[in-house]
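*Asks:* Listed below, chain by chain, are the residues.
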Amino acid sequence: MRTTFFLIIAFTVGTIAVQAQNVIVKSRISIAEKGFFPVLNTSGNKMLFTADGYAGLKMIDLQTKQITTISTVGGAGYEPVFAPDDSRIYFRETSFKNNLRYNSVESYDVTTKRSQQMLAPQRILNKIQPINNGVIAYVGNKMLRSSLTKNTTTAPLFVAANEDLQIVKHSNGKIEKLNPLNMPESRYIWVSLSPDNQKILFTAAGKGTFICDLKGKILSSLGSINAPVWFNNDYVVGMEDKDDGHRVVSSKIVMMSITKKTKTEISQSQQIAMYPTASGKSNRIAYHTETGEIEVITVKMK
Amino acid sequence: MKRIIFFAFAILQFSFLQAQNLTGVRIYINPGHGGFDADDRNVVIAPFTSGNPNGFWESQSNLDKGLQLRTMLQNTGASVSISRTTNTTADDLPLSQIVTMANQFNSDFMLAIHSNAGNGVASYVLMIHYGSDLTDTQIYNTYNPNNPTQLALSNKSRDISTEIAKNTFANQITTWSSGYQVRGDKTFARTIMGFTDGYGVLRGLTVPGVISEVGMHDYIPETYRLMNMEYKWLEAWNFYKSFCNYFNGGQITTGVIAGQVRDSRIKLETSYNKFAGNDQMLPLNGAKLTLVETGETYTADNLQNGVFVFKNLTPGVYNVKAEKDGYYPQTKTLTVTAHNIAFSNFALNRVRSTPPQVLSFTPNVSLADSVEASTSISFSFNWDMDATSTTQAFSITPHTEGTFTWEDTNYRMRFTPNKPLEKNTVYTVNLANTASHPDNLSMLNDVTFQFRTKNRNRLSLITSYPFDGNNKVYFNNPTFRLVFDRKLNTGNLQTAIKVLDETNTVLAKTTRSVVNNSIVSPYGSTYFNLTQNLIAGKEYTLVVDGEVMDEVGMKLVEPINIKFKASNTLVTAQPVIETFETPALTYISTESLEITSATVATNTTKLFDFFSNKINVLFSNISGEALFGFLNPLNVSNDKVVGMHVFGDHTGNEVWLQFRIPDGVQYLKLCDLNFYGWEFHEVDLSNLSIVAGWTLTGMKIERKNRYLFSAVSDILLDNMLLYDELVLALKTISVSKLKAYPNPASSVVRVDVPVTSETLLELYSLNGELLSKVNNNKMNVTAFSTGTYILKLRTAKDQYTCPLIISR
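If you're matching them up, the sequences are chains A and B in order. The numbering of the first sequence is numbering that gives the first Met the number 0, which starts it at 0 and goes up by one. The numbering of the second sequence is numbering that gives the first Met the number 0, which starts it at 0 and goes up by one.
Each hint should be verified, as a subset may be incorrect.
[Stated by the list, open to error] Derived DEER-like restraints, expressed as beta-carbon distance ranges:
1. A:Asn131 with B:Asn311: 53 to 59 angstroms
2. B:Asp158 with A:Lys214: 41 to 47 angstroms
3. A:Gln116 with B:Asp158: 24 to 30 angstroms
4. A:Asn98 with B:Thr195: 51 to 57 angstroms
5. B:Gly193 with A:Asn181: 40 to 46 angstroms
6. B:Asp158 with A:Asn181: 36 to 42 angstroms
Just so you know, the hints here were simulated from the structure itself, not pulled from any lab data. Glycine included, each C-beta is placed from N, C-alpha and C at the ideal position.
Please take these sequences and the hints and turn them into a complete structure.
*Replies:* Dropping the structure here:
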């Protein structure tokens, strides 16, 4: 385990912006080591991050301020997940064979600091979801399950976008494809299930971000926020990014109430802030800036 | 029999080929942003107006390529996702969504299809792939070349980008301005675009990716080509071929014939930039191409590109026939191989079935009229002519040297004399009937015409400041003024009129000081100052190039070198008798002639203290004189010298001082106003009659009919001095070193030095005006009237002056 600098930039207490009076930014800390695409665990005390291009994976303990290198392989930083008890990290390893791209699933044991392969290299590998002692993954129109120990429990509800940019739902052994917007050519991305497993958050490219129920009925339209994630069952966090066709010229992280549609800007105005992650349990939100600074925000709900 | 052999060959070819198969390969295509908005890069080309959706839009062009590529890939089993299938503003997806879709699609490669822009003067293939250049060691926020994982993704991206670059660059229909480039986006964006961390569409990718920029859509010949769907198909086909190669997808079992049809001689007469070669020739809209073996035809579109494409051809030998009304058909034999494009560009010859005729010629005026001597001579024909036979058929009498140029793709020939024609001369021009067009038909008859030139064949310099030999040009920011007999063509004045120092270094003009043609018509002028002061005592040359011309193209022809010397005009070592800090003169209308108005006032443009006196006179006639009386007349004697600082107005008028005795008046010339700016002038009072009691009573400005371009005289006066000996011209003479004899002289004056190529003997008036110059040690002075002059001898090492009296 390597200890690196953990820089507390500022403790800011006060209300940021505006429309939502019930969200206050309580503190703001910045990690000295550069990184991208942070992923908080459920309890909000650990965070994964990677380099641009998803090269390698590191973990920071937000309490001890220690940073651990989980992996240096390609693809490791793409949508890694914590095991429910944080004892393991599940991540991908990208490889090429005959110039075709493959992804395997690896498991990193936080205690032993050893990795092992959970799923052999796959041509198609969509979202991986942790379960007790293993993962389930949607792999080319079928669900695969890989456990470290024998596990007979029923796989939990699974919702994700597949390689054809469709929303797929796996429940009770059945795979169902949802098309909430009746798009002729499906282009659903950033699909996730709410913490209470009752609602699906998704973005339809070019259409906006929405919330639907488990049958695909639209419950809420959140406008044009990108990379949305659940904060808790009532709030989501996303980014409002603008580009000029060449590069992103502005982007801010916003927190939205899914019922009142109120928005609070979480990032600082001078930042180009992108790809948030959230832990409602710890009231933490993290994101990276264009130049690779990762900020961890603690909010207070009034 | 021939046909049987052909098909047998084709079958043989097929049997050795492994058909392409891209099953399982996953490609994500991003044809850029969509819509017909301001940021969708509409390049306006005729006949489409700005904003017309049917014209060229990069958004549409990228989409056409992307959709055609999708079809090719899907037909061979590849899985393809494309970020848009229509061209609407709603297709303007954020970069973050495009990147996410490419990742979510589990693609093996992300291809962003674009075309580039190079201000219409460049066209090349540019691939901007994820990562950095191989030679770039810079560590970026988003990319570290020392990180093996990021480096591997960069290398993968570069490999396939290079494959695409090579294949698209093989296009022989277009004209490339340079070779292909494969650049890492981090390096390219940093060094070319000023972005710190590459392009947004390549950031956050988990897969190799490239932004493809094949050609420049604002290079107008390419813009027209990009309006042709098959031309865009060719680019898509080259993408497809690249993927087959890279993903080991086997060879494309068919081949392609592609090319363009253009006129062999006629140029495309449009103003937009065209690289040398095919793009300059007239595209044959509507030309018909036939694949003889299959009967398949292709008709070139009407959008100035001449492009044709035959797709999906079984390998073999083909004959392609190109036809268009009014042209001789042409057939070419091409060998088509699998996996390749056989390019062939046709240059068709027009059918010129009638003899050439002269439709018009210039100058076409009666002999009663006349034309400028700077005229050129042109013939317009009904056919594009053969240059050799037509120029040989041309003659002009009197014989005149000149050059031929061809315009409108050889439909018009122009003969431009090397020098202006002779004045008031009748010229006879003949074009013999041997002039022919490329089909070897000659004119039926000679064409002959005459014209008379005007009585002027040179631009003339009327006056300049400094004038040649001027040795007292005030060093401090002098204004250079040249006046010609006609309004100037200002196109080449910046370089054709220049000031050189003693080392022949050009002294820069102050751009904002340049004023051209400000003088009354028909005269022309150019005035300017330099960016630096001159150095007192140094010699300079004002060079007027022979290419300086008037508005009708009449040139000066013979260059003029005006040599002058800078000096510090201020004379301070003598007693000042008038400071001109207040008005020292008053206008006397009763003793003036042909004057509309005349004033005296103080002015802040001065050499000493705070003010000068400004004398302003408006003459009512081309001759006239204005007399001003000194408010405080000064007693002088004829053993003294009066000197005065004068700011000349370069009018050519004269300034005289008035002296009175009780029973008489006498005028002595102070200076000719042939200068502009401050100079010091002096009058030797020994020229007054030898009597006592002279008083300096006034000053007279006399208009001289030298230059007609101004009726106003505007001069400034500052410190007037009274002293014993001349301080300028004669004072600087080293009499002992230069002996002129006889002196006084009546016909020829000699100096006692040997003649060399650098010996110059010059005669000046007392006012400094150069009157005569010879490269000899003797000079004929019979043309000059009785009086006192200054003789100057210039040698390679030095110069000497002495007074010369001419007397008869």
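*Asks:* If a hint holds in the structure, say so; if it doesn't, say that too.
*Replies:* These are the hints, each one checked on the structure:
no.: 1; hint: A:Asn131 with B:Asn311: 53 to 59 angstroms; in the structure: holds, 56 angstroms
no.: 2; hint: B:Asp158 with A:Lys214: 41 to 47 angstroms; in the structure: holds, 46 angstroms
no.: 3; hint: A:Gln116 with B:Asp158: 24 to 30 angstroms; in the structure: holds, 27 angstroms
no.: 4; hint: A:Asn98 with B:Thr195: 51 to 57 angstroms; in the structure: violated, 31 angstroms
no.: 5; hint: B:Gly193 with A:Asn181: 40 to 46 angstroms; in the structure: holds, 44 angstroms
no.: 6; hint: B:Asp158 with A:Asn181: 36 to 42 angstroms; in the structure: holds, 41 angstroms
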